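Trainee: If you read the protein sequences in the order shown, they are chains A and B.
Taken in order, the first sequence gives residues 1 to 478; the numbers are from the working numbering.
Taken in order, the second sequence gives residues 1 to 111; the numbers are from the working numbering.
Simulated from the structure, these hints should not be mistaken for lab results.
Predicted model only: the values in this text are computed from it and were never measured.
Here a beta-carbon is modelled for each residue, glycine too, at the ideal position from N, C-alpha and C.
One or more hints might be untrue.
To be verified - Lysine-lysine pairs mimicking DSS-like chemistry, simulated, CA-CA at most 27 Å apart:
1. 25/B / 79/A
2. 214/A / 108/B
3. 88/A / 129/A
What the hints assert, rightly or not - Pulled from the structure, derived: some chain B residues nowhere near chain A, Cβ distances all over 12 Å:
4. 18
5. 19
6. 20
7. 40
8. 45
9. 46
10. 51
11. 52
12. 64
13. 78
14. 84
Stated by the list, open to error - According to the in silico footprint, chain A covers these stretches of chain B (three or more CB under 8 Å from chain A):
15. 86-94
16. 97-108
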Amino acid sequence: MEWEVVIGLEVHAQLSTQSKIFSGAPTAYGAAPNTQACAVDIALPGVLPVMNKGATERAIKFGLAVGAKINRTSVFARKNYFYPDLPKGYQISQYELPIVEGGTLTIQVGDQEKTIRITRAHLEEDAGKSLHEDFHGMTGIDLNRASTPLLEIVSEPDMRGSAEAVAYAKTLHSLVQYLEICDGNMQEGSFRCDANVSVRPMGTDKLGTRCEIKNLNSFRFLERAVEYEVARQIEIIEAGGKIAQETRLYDSDKDETRSMRSKEEAFDYRYFPDPDLLPMKISEAMIEEIQRTLPELPQAKHARFMREFGLSSYDASVLTASRDMAAYFELVVSQTGAAQAKAAANWVMGDLAGALKRDGLEITHSPVSPGQLAGLVRRIADNTISGKIAKEVFEALWAGEGDADAIIEAKGLKQITDTGAIEKIIDGIIAANPDQLAQYRSGKDKLFSFFIGQAMKATQGKANPQQLNDLLKKKLAG
Amino acid sequence: MIPYWAYLVNVIQVKSMSLTEADVKRIAHLARIEIEDKEVAPVLGQLSNILGLVEQMQAINTDGIAPMAHAQDVSLRLREDRVTESDQHELFQSVAPQVEAGLYLVPKVME
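Chain A with its partners taken away, still in its complex shape (with noise of 0.2 Å):
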């Protein structure tokens, strides 16, 4: 039988804020443990949460650029259950009325574009971390992180394949980093994942029973958690068992998700609102104001790199995958102007991000310039260098030794465009090959590569490569 998959997304980002969402205590990773959790985060009797507006904002902010309605009055609720990492016995988070509802993400899969349904997003803290390591036989909690705010999307069960998936939860890593709500940085749990995934026969309309994987904390695990998951699944319904709603964790290390919560232990959250918060209501104003200072999203930024810059799609993708690279792409095309956009895309997406991804850096802080970088795309448009030469130049732009121009110069790197130089050389060769240039006129057309590899040799390879062609193939021809 054939099976579809279905996958729904649960992430969590982290907000940018700089104070908890319930108090004043700061929210900076790597902190040693306890020394940002105040009396507020870690419950001592008598405290009250008191909304972070920044929070709040930013919940807004996605709101908006997803094209969801924003709830004028939303309401937070106290989610109960036991942990040691969860001080107060509850969460405070949003259950009935979210800030956040509707709206929805375009994404691209291949060439295929396909818009995934936004069911909400609401506010919520972040519990403590529980570290297992031996503490004589004890567990160990942290709780630093402990009402950090977190804004938990969800999305409608609208993806078909772990590709899919992938391609929702980078588009969504992009857009908030867009927006400047959350850092996105996935290896200190700024952006994390939940999937919700069935599989039902191809052609049917009702959902089969959802398996929740959590802890997926990186694009890669999550298609291989989805994969595994899936084959899991199937393998289950063939050999004529029936899937139980559960949640499982993927394991890396092992490549496969595993039961994490028995059945039998069925969660009841007993949601209720919480006393301690009233109802959060938002203001036209507030929300006018926001809007203002809700930057070009990707997508339309993709839309006008096509339209301005000519550029293909795949390329347009690629550059405004990041807020920087399109920003530092930018920065290079105002220098170049718009006829250069596809040779300053070329540079910016093969030889800049290769060696920035070569030396582990971000291109926020690239040792090339735009202006440097523009400065070398200016001299292959015009002809004072080739394109082959032009890798060396980046090289040397790289290493920090000057500007394009002052490293041709200093390294005479100029490319010869002289007919008459380029004729001389070529006239040595031939004299200097009589065999070559025999065999070549009775037919050996491969030769001609040995002639302009020597010509280039000779040249350091400085000469103009078309002219070189044209004029060797005249010369050759007799």
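Since chain A is already given, all that's left is putting chain B on it; use the hints.
Mentor: Chain B only, in chain A's frame:
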């Protein structure tokens, strides 16, 4: 939206509003409250009284009245996003039963 008291009914998860001793034990377990067997019957009586009150309220016609999520009809105050707390973990940990390497120690939990 469901009015606040209705959540209490949700918590107890009974629709008919008649509780059994098994319900009392289940609620006690969810809330991690220890109830001795001899206490179950009196607690059942107390909880049933509360539900009786809820039942009386449910009989009131509230058509056209907007539900409230809070007893006070005021809205949430938002605080500016600023760090106002300093590190006081030594003070907090001075009353904790067990601490090591800056961590609170608790009986081993396994997933």
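Trainee: Would you pick out the hints that fail for this structure and give their numbers low to high?
Mentor: Numbers 13 and 14 - these are the hints that the structure violates, sorted from lowest upward.
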